[in-house]
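**Student:** Chains as they are written, first to last, in this note's numbering: chain W, 585 to 1111; chain V, 2 to 205.
These are calculated hints, taken from the structure and not from any lab test. We treat Cβ as the ideally placed atom computed from N, Cα and C, and that holds for glycine. Any given hint could turn out to be false.
Below, in silico cross-link-like pairs of lysine-lysine (DSSO-like), each with a Cα-Cα straight-line distance of 27 Å or less [to be verified]:
#1 V:LYS113 to W:LYS1027
#2 V:LYS117 to W:LYS1043
#3 W:LYS994 to V:LYS119
#4 V:LYS41 to V:LYS113
#5 W:LYS1027 to V:LYS41
#6 V:LYS65 to W:LYS1027
#7 V:LYS28 to W:LYS977
#8 V:LYS117 to W:LYS994
#9 V:LYS65 to V:LYS133
#10 W:LYS1043 to V:LYS113
#11 V:LYS160 to W:LYS1043
#12 W:LYS968 to W:LYS689
#13 V:LYS113 to W:LYS1049
#14 V:LYS148 to V:LYS189
#15 W:LYS968 to W:LYS920
#16 V:LYS117 to W:LYS1027
#17 W:LYS1049 to V:LYS41
#18 W:LYS758 to W:LYS856
#19 V:LYS119 to W:LYS1027
#20 V:LYS160 to W:LYS1106
#21 W:LYS771 to W:LYS600
So the derived list for chain W, only partly shown, Cβ under 7 Å to chain V, looks like this [claimed, not checked]:
#22 LEU934
#23 GLY935
#24 GLU997
#25 LEU1001
#26 TRP1003
#27 ILE1004
#28 VAL1024
#29 GLN1026
#30 ILE1030
#31 HIS1034
#32 PRO1038
#33 GLY1055
#34 THR1056
#35 GLY1081
#36 CYS1093
#37 LEU1098
Heads up, incomplete: computed chain W residues facing chain V, CB under 8 Å, no partners named [said to hold, decoys possible]:
#38 ARG1031
#39 SER1037
#40 ARG1041
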Amino acid sequence: MTSSGPAPELKTALIKAKPFLPPCHVIHHLLSTGVCIRCIFRLSGIHDRDCYTSPLDQSHFMFFLEEHNDNDIKSNFTTITYCSICLGVLCSVCCVQEKTGAAFKEITSVNDFVLFISDIIKREEYQIDGFSLEVSVPPVIVANDRALRLHIKQKFEKEQWFNDKFLHDHMSVKDSLKLLLNASLEKYLAVQSVESLSSPFHIRLTYSHSETSQKLQSLVLNCRDSKKRERGSGENGSSKKASNESDASIYRALDLIGDHDFCTRFLVPPGKVDKPCQLVVACHRTPIYIAGRYLKYSRNVSQSRWIIDDERMGEASVEELIGENVLQICRGDGYKFHSAGREDIDVRMLGSGRPFLVEVLNSRILPSYTEIEQIADNINNSDKKLVGVGNLKLVGAEAWNMMREGEAEKQKEYAALVWISRPLTDDDVSNLTSLKDLDVSQKTPIRVLHRRSPLERSKIIHWMKIENVEGTTQYFLLHLCTQAGTYIKEFVHGDLGRTHPSIGSILGCRAEILQLDVTDVKMDYFD
Amino acid sequence: MAENAEPSEETLNKPIQENKRTTEEEKRQDLSSLLLPNPKDLPQIPPTAVETNFSSYFVADFMKPGHDQYIYRHANGLCVIGLARAHLALTETGGVTVVDFNVGKSDRSELKVTGKRKRNALQFESNSALCKVSTNGNSYIVRCCVKGSLLEVNDRLIKQPDLLNSSADREGYVAIIMPKQGEWLKIKDSFLSYEEYVQLRGLS
């Protein structure tokens, strides 16, 4: 053993730890049982971050102990590779795959660990300004913890130090791991870590240890089944061969097993393991939202992707024209398109445009002003001027609520090209323009009756204006402002009398609609 | 569209407010030009809403002579049933005077179909009675023609039976049926097109 002694920071960590640690003979015993130093710290009730982040190794630890020895016990044992409690998790030892299907390789130090994670982030070219760690460890680790505590209690409860030092509340493996990893990751990635998933970027670590987990599972199931047999629930327990039980159900079952029972079935203290855990690292960003207003210049473009019998309806869809462009720049896994209402495939969306949100799933970047401008340019300067966008900006999740609220409340303006069965008179014009806040009753239009409830909906036409079409006597442009949810086409032709009043019924003749355009959708948030 | 010329000295020196108003004005004019159609492109008489949205079929002498009906089928499968032009009831002097939906086992005007799945809809055969239409001397039963669920009857006909005399082909429709799955394909070939019907009845 080299006698250079621990480096200063290690020494500080060890000095901090000393008051908590149990006597030397206990530590020796724990080490010989296969418990790693960090687990010893944990069980001693140490919460100080420095104690976990300092690169501790056994030779320095023993050297330190021997210097501060109560009795003179010479140590002589081999290094622990896989802790019997945390299965190597706290020692930053585990098995990972570079890619799915590749061979597993072992990581043995915290540096390699941090490098592995940051490689994944770099490979996907994620742009991050923070992260939050999610850790999942197999239930067997919690069982191991319990087993060790029971063992220490059995062996040492008569000793004097026990009551002072042992009965502290101690950190779980999960929490200690987060403590030690957050610090290292923060340093390496040069960004802040955030607690409890409030950062949009998540790094999920899922540990598994199949060998011991299977043993635990069958143990727990046996226990549960034998209890059922005792209580005579009439079920033949042995016939149930459970497939993988969820972690939650294993924890529940463990809770139900009393300490005495536990000790008879579980190996106390836990046995040594010859393999570390397998680790899967998954990075993921919570959805980002890009808001804007879209214009639809074409009468052959549907709002959302519309496919019947493998054939697309219309030439394209607003959803895809905008969504694909956003997805490309953000490098996300997918997108969802939401808008404040919609218009038919043959109706143009003009004027200020209709508010929309594109939700980008697992975006690799946080788009900057320039990148958002790029998205707008790509859409607006494409060859076919089918769709246009404006007021594009990155918004928070509250935008969703703003849009839903606005949808039902807001008024919309339209321009309809109307034909009537006799020439338009001045009386007609003054008749229509004088109607303010006209109540209209609309039975569910026949064209949507197959998929909507048969109801009678009351809507309001706030105002109407007439614009003559020069060169014609029976055509005119009808400008109108209506309550959200009003069916305009049916208001013009009457839908066989199921919408009343209608333009035809008001003017006392037959009215038909040739074209419809939406000219305004008022929603301040999207301006 | 003409290229925008370089802004002149005058425009550049105009106060910003005025310039902004011009852009608003421009926007309005742009919108206006997009909305107004070219009168040369407009047909003298455009197709009706029924012609645009439905395929029209006719049946002559349905179960009884002179009982001509139409079936307007929408692209979504729903069928609107009504009296065709040469139906006997429409040719009588005085025309239709009373429409009664209380035929068969129940009053068809009392039905309440609810929800997207169209619960509580009565299931009809093609010969099920929809209503009874009466004139001064006669009465005629109007039938379903297509096997399916009855979604709606035109209850306006109760208070305004005259709708059948003025516009049997539009506001005077009788009922809306949702054909049973597969029924339409079985039955559509037994119907006449508009041209065939007109020819058969010798109409103009």
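**Student:** Hold the hint about LEU1001 of chain W up to the distance rule: shortest CB distance to chain V must be less than 7 Å.
**Tutor:** For LEU1001 of chain W, the interface hint holds, since the closest Cβ of chain V sits about 6 Å away, which is under 7 Å.
**Student:** Close enough to count: is the Cβ of PRO1038 of chain W nearer than 7 Å to one in chain V?
**Tutor:** 5 Å, holds
**Student:** Would the hint on GLY1081 of chain W be counted as holding, given a Cβ-Cβ threshold of 7 Å to chain V?
**Tutor:** Holds: closest Cβ of chain V sits about 4 Å from GLY1081 of chain W, inside 7 Å.
**Student:** Check the hint pairing LYS994 of chain W with LYS119 of chain V against an upper bound of 27 Å on the C-alpha distance.
**Tutor:** Violated, at about 30 Å.
**Student:** Does LYS113 of chain V sit within 27 Å of LYS1043 of chain W, going by the straight-line distance between their CA atoms?
**Tutor:** 22 Å, holds
**Student:** Hint check: is the beta carbon of ARG1041 of chain W less than 8 Å from a beta carbon of chain V?
**Tutor:** With a closest approach of 14 Å, the ARG1041 of chain W hint is violated.
**Student:** Given the hinted pair LYS117 of chain V and LYS994 of chain W, is their Cα-Cα distance within 27 Å?
**Tutor:** 26 Å, holds
**Student:** Would the hint on ILE1004 of chain W be counted as holding, given a Cβ-Cβ threshold of 7 Å to chain V?
**Tutor:** 10 Å, violated
**Student:** Taken at face value, is the distance from the CA of LYS189 of chain V to the CA of LYS148 of chain V at most 27 Å?
**Tutor:** 11 Å, holds
**Student:** Using the nearest Cβ pair, does LEU934 of chain W come within less than 7 Å of chain V?
**Tutor:** Status holds, d = 6 Å.
**Student:** Given the proposed pairing of LYS1027 of chain W with LYS41 of chain V, does the C-alpha separation stay at or below 27 Å?
**Tutor:** Violated, because 36 Å separates the two Cα atoms, which is more than 27 Å.
**Student:** Would the hint on GLU997 of chain W be counted as holding, given a Cβ-Cβ threshold of 7 Å to chain V?
**Tutor:** With Cβ-Cβ at 11 Å, over 7 Å, it is violated.
Violated hints for the displayed structure, listed by number in ascending order: 3, 4, 5, 6, 12, 13, 20, 24, 27, 28, 29, 36, 40.
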